[in-house]
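With the hints as constraints, model all of the structure from the sequences given.
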Amino acid sequence: MIDLYNIDDAFLILNKKKRFVSILVISFVITLCIIFGITWLSDSYFIMVIDIILTTIYLWVLYTYLFYFRKVYNEEYHFLAKVEQYEHEELNGVVSYLDENITTIKNMEAYTLKVNGRIVYFECSKMPSNIYIDTNVKFIVMDNFVIGYEVL
Amino acid sequence: MHSKRKFKAFLGFNWHWYLIIFTAVIFAFYYLFVSIKTPSYDERISIFIGTKFVESEKLGSDLYTDFNGTEIEEIYVDYSNPADNDYAIIFNTRGMVNTDILILTKGYILDGDYDNLFVKIDQKIIDKYNIDDEKLLYDTDGLVYGIDITQYLKEYIKDDKTYYLFFNKKSEKIGYLNNNSNNDYALKILDNILG
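Quick note, the sequences are listed as chains A and B, same order.
Heads up, the first sequence is in my numbering, so the first residue is 4 and it goes up one at a time.
Heads up, the second sequence is in my numbering, so the first residue is 35 and it goes up one at a time.
Please keep in mind that the hints were generated in silico from the structure rather than gathered at the bench.
Each hint can be trusted.
When the alpha-carbon atoms are kept at most 35 Å apart in a straight line, the in silico DSBU-like pairs for lysine-lysine are as follows:
hint, chain 1, residue 1, chain 2, residue 2
1, A, K109, B, K42
2, A, K109, B, K38
3, A, K129, B, K42
4, B, K38, A, K129
5, B, K42, A, K117
6, A, K74, B, K40
7, A, K141, B, K38
8, A, K21, B, K38
9, A, K109, B, K40
10, B, K40, A, K85
11, B, K169, B, K192
12, B, K40, A, K141
13, B, K162, B, K86
14, B, K38, A, K85
Below, the structure written as structure tokens:
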């Protein structure tokens with residue numbers, strides 16, 4: 004049985020988040036020092052252009068973190084926490100349907116499979132190449148997501 | 035989970051916020067820099083001239099040469115044509131508000147109004163610059179309010195009118211001529227013009 008998700012990954016996500024925030028804070032301080040420093044020395048319009056570029060880049064990165072990466076990290080973390088805490092069910096059978104068009108379910112990109120008439124989702128990035136239609140599989144499922152598998 | 039496809043989709047839906055951030059930063063820094071670069075009231079001498087045309091930038095630049103290294107950062111010269119229909123409004127706004135020196139031809143201001151608008155030029159100044167009596171502009175009470183500086187302005191104004199220099203009564207840069215003065219930099223303009 005191959006487990007696709009590990010609660011230890013949650014700590015990796017937290018670390019990723021902390022690292023991102025540290026980078027943001029440090030770059031904020033550095034950007035502010037540079038902006039004030041060079042503006043103090045000269046208030047020419049060329050300095051203004053540099054200030055605009057630095058500030059824009061910083062604000063773009065901040066916006067991307069707040070409205071994309073933070074959300075993605077939180078969702079990943081919560082999913083892993085669910086995997087740890089929720090009841091899992093076993094699903095044995097033959098894959099009768101496999102749709103490789105990407106579906107986004109709960110912000111995860113997944114393929115849709117049908118096993119024993121039950122629709123489950125398999126995260127795209129974790130899908131192995133040895134699962135296809137008519138494969139005999141044993142899935143561990145949580146919240147309709149495959150979190151462990153074995154090809155029989 | 036994060037993927038390039040999701041991130042591209044995010045950018046596709048949010049590109050306008052990136053544009054708004056960029057535009058807002060430009061406006062913010064432009065406003066900041068203009069505020070920093072614009073001299074304050076005490077750092078600038080404002081001159082208003084009632085004439086059809088004057089080489090205002092050249093005049094301001096030439097007058098500024100004596101102020102390098104002082105608190106004065108700019109000598110700003112503004113002008114308006116007395117023959118224009120809206121000159122009266124311009125005179126009362128751009129002319130009289132926050133200006134230090136006015137240069138006008140005789141006749142636009144009624145004799146009795148000099149005292150309301152300008153400070154009296156006292157004997158100390160007349161003696162300091164050895165100003166001939168015929169160069170002085172008197173009001174009906176025999177007090178001096180204006181100084182003829184036509185000769186100095188010939189390089190900047192190409193007409194044959196006579197121009198008088200007046201000090202705005204409300205200026206705070208005319209030293210002892212106004213009790214509320216913070217400095218006398220506007221008075222020092224006379225060093226360049228009459229010196």
